[in-house]
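Chemist: Sequence:
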Amino acid sequence: MAQALLGIRSEARWLRFPPRHLPGAFSYPPQQSGYNKRLRNAAPLLKQVIRVLALDTDLWTDATWIVDSTPVECARSRETTKHSELAGWAGYG
136 MAQALLGIRS
146 EARWLRFPPR
156 HLPGAFSYPP
166 QQSGYNKRLR
176 NAAPLLKQVI
186 RVLALDTDLW
196 TDATWIVDST
206 PVECARSRET
216 TKHSELAGWA
226 GYG
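For reference, each letter of the sequence shown is one residue, going 136 to 228 in the numbering used here.
Because the hints were derived from the structure by calculation, they are not lab data. Some hints here could point you the wrong way.
Claimed, not checked - Beta-carbon label-pair distances, calculated as ranges:
1) Ala189 / Pro165: 26 to 36 Å
2) Thr196 / Ser145: 29 to 39 Å
3) Leu181 / Gly159: 35 to 45 Å
4) Tyr163 / Ile185: 24 to 34 Å
5) Gln167 / Leu194: 16 to 26 Å
6) Glu214 / Arg151: 21 to 31 Å
7) Leu180 / Ala160: 14 to 24 Å
8) Val184 / His156: 22 to 32 Å
9) Glu146 / Pro179: 17 to 27 Å
10) Thr199 / Arg173: 15 to 25 Å
11) Leu180 / Glu214: 31 to 41 Å
12) Asp193 / Ser168: 27 to 37 Å
13) Lys172 / Asp197: 29 to 39 Å
14) Thr196 / Pro153: 16 to 26 Å
Quick caveat: nothing in here was measured; it's all calculated off a predicted structure. In this text, a Cβ means the ideal position worked out from N, Cα and C, and glycines have one as well.
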């Protein structure tokens, strides 16, 4: 989770981060192969924890879901956007 929050996408970069920035925080930081084994073995447990936390919030049963999707082009010309039924709701561009 800390890896995601810090925006570190590479596992190799993440494994170099704690010893440099948090010296002494880990008594034995694993090498990449050991880290991968531990991570893969922990996946079911992590999924279960995420599900339990999600079920504990009222957002899980909410009728409205907020999603971030790729914008879909509605109209190309400025004239079309002015006269469209979506005028006032959709922006140009």
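Chemist: So which of the earlier hints does this model not fit?
Modeler: Numbers 3, 5, 6, 10, 11, 12 and 14, in rising order.
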